[in-house]
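A.B. asks: Using our numbering, the letters of the sequence shown map in sequence onto residues 5 to 108.
Among the clues, some could well be false.
Beta-carbon label-pair distances, calculated as ranges [as the list claims (entries may be wrong)]:
#1 T90 <-> E6: 25 to 31 Å
#2 S41 <-> G98: 45 to 51 Å
#3 I16 <-> S41: 26 to 32 Å
#4 R95 <-> E27: 32 to 38 Å
#5 K80 <-> E50: 38 to 44 Å
#6 S17 <-> S41: 28 to 34 Å
#7 G83 <-> R19: 18 to 24 Å
#8 S56 <-> G98: 35 to 41 Å
#9 H47 <-> K80: 17 to 23 Å
#10 E50 <-> H72: 19 to 25 Å
#11 E97 <-> R19: 23 to 29 Å
#12 Q65 <-> Y44: 34 to 40 Å
#13 S17 <-> H47: 19 to 25 Å
#14 E6 <-> R95: 33 to 39 Å
No lab work stands behind these hints, which were simulated from the structure alone. As the structure is a prediction and not an experimental result, all values here were calculated from the model. Yeah, the Cβ is synthetic: ideal placement off N, Cα and C, and Gly gets one too.
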Amino acid sequence: MESTVARAIIDISGRGYFKLNVEQDKVLKVKDKEEYSLTYLEHFMESFAHASGATLSITIQNVSDDVHTNVEAVFKALGLALDQATQVDPRREGIVPSTKGIID
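Produce the entire structure from the sequences given, and follow the hints as far as they go.
C.D. replies: Written out as structure tokens, the structure is:
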């Protein structure tokens, strides 16, 4: 993954929303030799967020010219965020983890 850094924050809230934050404005125009653009990644993540009812924010820093490097970093960050978001916190056993008192 070289020096590319990705951070994913997810809230499984029942409200689908996606935001991509990048260190460089040109990142969505970066294409590799096979003409794979990061716009495909953006479309996938937006569809994933809406279909799963999750609020998802992804930040990419130290953007690479290699699209694969950026995509790999994003999926690894998303996997870690999903793991953390779905774990049961033993400190809150028996308590619904929502300020509304329910999870829709």
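A.B. asks: Failing hints, ascending?
C.D. replies: The structure breaks hints 5, 8, 12; every other hint is satisfied.
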